[in-house]
Amino acid sequence: MPSPEMLKLAEERAARYRAAIELKEPDRVPFTGMGGDVVAAYAGISSYEYCFDPEKSLQAIIKYLKDFPSDRPIGGMSGIGNAITQLAFLDYPDLTGLFAMVDGPTNDILGVDYIRFPGREVDEYSSPQFIGAEYMKADEYDELIADPVKFLFEKIVPRTTRNLRDLGSPAALATMARFGMHKARSGAFMQKQAAELLKLGYKSEPASFFLAPLDFISDNLRDTVNLVKDLRRYPDKVKAAAEALLEPMLKLALLGKNIGADMAFIPLHLNEYLSPKLYNEFYWPTLKEGILRMLQEGMKSQVFFEGWHDAHMESVLELPAGWGVGYFEKTDVRKAKKILKGHTCIMGGIDVGMVIASTPAKLDEYIKELLGEMMPGGGFILSPNIGNLPRETPIENIAAVYEAVEKYGKY
Amino acid sequence: MRDELLKSFVDMDEQEAVRIARELIETDGGAAAVLDTCKEAMEEVGRLFEAGEYFLSELIAAGDMFNQIMEFTLPKLQGGEVASIGTMVLGTVLGDVHNIGKDIFKVMAEASGINVIDIGIDLPHEKFVEAIKEHKPELVGMSCLITLGVDSMKRTIEVIREAGLRDDIKIIIGGGRVSQAVMEHVGADAWADDAARGVRLSKELLGKE
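Just so you know, the sequences run in chain order A and B. If you're matching positions, the first sequence starts at 1 in our numbering and goes up one per residue. If you're matching positions, the second sequence starts at 412 in our numbering and goes up one per residue.
If you're looking for bench data, these hints aren't it; they were derived computationally from the structure. Positions of the beta carbon are idealized from the N, C-alpha and C atoms, including for glycine. There could be a bad hint or two in this list.
As the list claims (entries may be wrong) - Some chain A residues judged to face chain B by a derived CB distance under 7 Å, without partners named: (1) Leu23; (2) Gln129; (3) Leu274; (4) Ser275; (5) Met313; (6) Val316; (7) Leu319; (8) Gly353; (9) Asn388.
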């Protein structure tokens, strides 16, 4: 059982986070912590063990969190999202959540073509990776548009999932049975993990997941290079496909309410690829509609603006104030604050490249200056700009960042 | 016709650019003119990208157009008409399976006259050493998308140094997560987080601009 002190600490951390999202000043700047591959390295285990051995993975997380406490439990990065199968099973809401994250053992069972795991397809000290490919041909847009869920189940799942290639075969049925048995075990383990983390003062916060429909088409179906060409060759079909995917994607995200999620994570990808003209015509309308509809249902969004989002900043202002969190990778958070202050909670600020390559003294100075500019007025969450610190990140640099947050982060 | 080809290419009018190029190669000296014009167009697209007017999607579309046109243009050219300003060994480092950044850069680098030897993705450090020994390039380009690539690039450069090859080459690193600090950390000579900058700096390293 967690001690009363730890329960209180968990409440304080959650409240700090919540205040920033509500654009207020908390007692201290909320800090997500910095996890990733380094968590495994810090515990002396390989990335393969981190992805395939839940007990070792949990012990690594506990060790890291004890030495580097933050306001969110760093979950490491031990799985890859799997929106295709989630959407394919959309009519079975008790199951869709099980497909959300493919961990190492799940991938051994399913055999997902676009996922690479350490110790399997890549080196045992590498990271799990997503690598899209062309799973849908250009002449299949009409089929996707007509019935996205049916098309994903009948055509795309067999193409992307080796062990479900022949749906209805004994091999596929055995795969689903093994998948169910594994999920029962891993579900029980997740509960144990949540209990362990609560003992350290971290509440588990259920989150939902939404993808910009055009990102789904690009990353999961057509591949980025083809999609970019499709925008010029078949603009009407691309637009219609994005619109057809919006409702299934929304339904999926809102299922998160059943587990108490009040925030949807939306990692963007194509934003950096598109000119404002293409962004506003093909990408933003269905993304914006998704964010607004979830908001109506009481679910805010945390959007990861990957790469440079500078060219599209004004469009964020089309959302109502307090809509959620803008998490920026390369776009300078100071610049984002100038445009979005009082409207959007801003997250980011720590360049991972700097944590790898800089020195403790320089990082201390950097965090001091950054917080000096970003904290006043509230609505800021300090976070690394990418959620994965590599294995060789110098521990003294990590420590310097955590110490600087304590030194300079109080309101 | 050269001006029209240049304009339709830079304006991303794929059908028109391909149509004009097909017509132009049938004229006397036309293939060389198509090659020169497309190279000029790619340079202009790169310039527009660095000026913030074009985005990654335009770089990808331009690269695709360039490849399409070269497919029917290069066989019509005499050997001496395709000049190279230098050779680069290019690959994605160990542990990283991504190729999109490398591929966008590759076609732009080729369009700028660099002879690119693409050795693939997720490459053991020794593969770079072998390729340097075999192709004797002036440049080595290392690509990575994910953060683990930083350490992988560092170790690859160490292995190149241990093989006694570091002083013979210039190294440029590229990818979404590289920066000046990362370049200094891994011991490279230049860095770029987009293809247009990467090509411009590669030419500088070759002493060509």
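Tested hints:
1. Leu23: The hint is violated - leucine 23(A) has no Cβ within 7 Å of chain B, the shortest such distance being about 30 Å.
2. Gln129: This interface hint holds because 6 Å falls under the 7 Å limit.
3. Leu274: Where the cut-off is 7 Å and the nearest Cβ of chain B is about 5 Å from leucine 274(A), the hint holds.
4. Ser275: 5 Å, holds
5. Met313: Violated. Min distance 13 Å.
6. Val316: Because about 18 Å separates valine 316(A) from the closest Cβ in chain B, which is outside the 7 Å limit, the hint is violated.
7. Leu319: 22 Å, violated
8. Gly353: OK, holds: glycine 353(A) within 7 Å of chain B, min 4 Å.
9. Asn388: OK, holds: asparagine 388(A) within 7 Å of chain B, min 5 Å.
Hints 1, 5, 6 and 7 from the list above are not met by this structure, while the remaining hints are.
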